[in-house]
Amino acid sequence: MKSGGPAYPDADMELVRRAILACQRGSRDAFEVVVKTFRGRAYRAALALVGNREDALDISQEAFVKAYRAIRRFDPDRPFFPWFYRILRNLGFDRIRRRRTRRREALPPDLADPGPGPEVLARRDEVKERVWAAIHRLSERDREILVLRHFQHMSYREIAAALAIPQGTVMSRLFHARSRLRAELADSLGPEGGG
Amino acid sequence: MRRDDLDELLMGYLDGELDEERRALVERRLAEDPAFRRELEEYRRLAEMTEEIDFIEPTETEWRAHWNHIYNRLERGAAWILLSLGALCFVLYGLWHLIRDFLLDPRRDLLLRLGTGAAAAGAAVLAVSVIRERLRLRRVDRYEEVEL
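In the order they appear, the protein sequences are chains A and B. According to our numbering, the residues represented by the first sequence are 1269 to 1463, in order. According to our numbering, the residues represented by the second sequence are 35 to 182, in order.
Keep in mind that the hints were calculated from the coordinates and are not lab data. Quick reminder that beta carbons are idealized off the backbone N, C-alpha and C, glycines included. Keep in mind that a hint or two might mislead.
Distance ranges between label pairs, derived from CB positions [what the hints assert, rightly or not]:
(1) 147(B) / 1341(A): 41 to 51 Å
(2) 120(B) / 1407(A): 20 to 30 Å
(3) 153(B) / 1387(A): 49 to 59 Å
(4) 101(B) / 1387(A): 22 to 32 Å
Footprint (simulated), chain B over chain A, 3 or more residues, beta carbon under 8 Å [what the hints assert, rightly or not]:
(5) 1321-1333
(6) 1408-1420
(7) 1442-1449
Using the sequences plus the hints, can you model the full thing?
Below, the structure written as structure tokens:
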């Protein structure tokens, strides 16, 4: 499956809205509709943030549990994913922070973080592996905005809602993130660059 | 307009997020400046390369386990709350009887009552301290080390 893909049709959204209303009335079974609709996006967003599939699956599960527990505070007429993403990102950052602390405690300081491996990529070639590694050399801040735009295909408005920032800031953060990624991949972007 | 502002607008242009006026501004600059056109092409290529990345999706079995895990957590959440409430009732009931039937009972040995009272008070102070520390840790920003 492609990393992002279009969002879901309006019919699905109506189904999700009704499921959320049922969850707000206490139905746990109705939450399955919500999970099935968003589990792929949640998994891919988590994977792009943390870099490995076990953590990504774990974080997405945890985020859905937390989302259900907070579902009464959610306005079902608003898009679900930007709201849900705020829960997911906190868990993702928390996982990264804990992993970093564990690594700091376990390894001598001169051992570099090997970063995420390419084994999570569905179709592997040299360029994709280089892009994936470069994305993971960026800061979490840069990586996140690229994930939302390129892997989640979110509009600036949706990104602004997910990160609670103005739309102008989305454009500015995308520029800085892409500039740094462009510098990382300078060799691949020229007319002779791989691809 | 500053170069930085135009570079940022270039992102909006690339992503189809600009209104007509700002799109015209970027297009005017693109028509005049070959370096700016090259920059747009590089960012376009970068976006394509990034979007070509696709991930191995979880299998149907993994998704089933994923939902089962979520459902079980939700179901057990309510059970934990009820269990905690029940335990709290037991503790309060026990404390009440400890005080009324043992600590305040003059027929019991005074030293034994003092010792039991001190141990119970110590355990209570420790419990309050641990709970307060937990609550304090939850309030502070757990993400402050994450670079944003």
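Task: Violations among the numbered hints, reported as their numbers in ascending order - done: Hint check: 2 fails alone, others pass.
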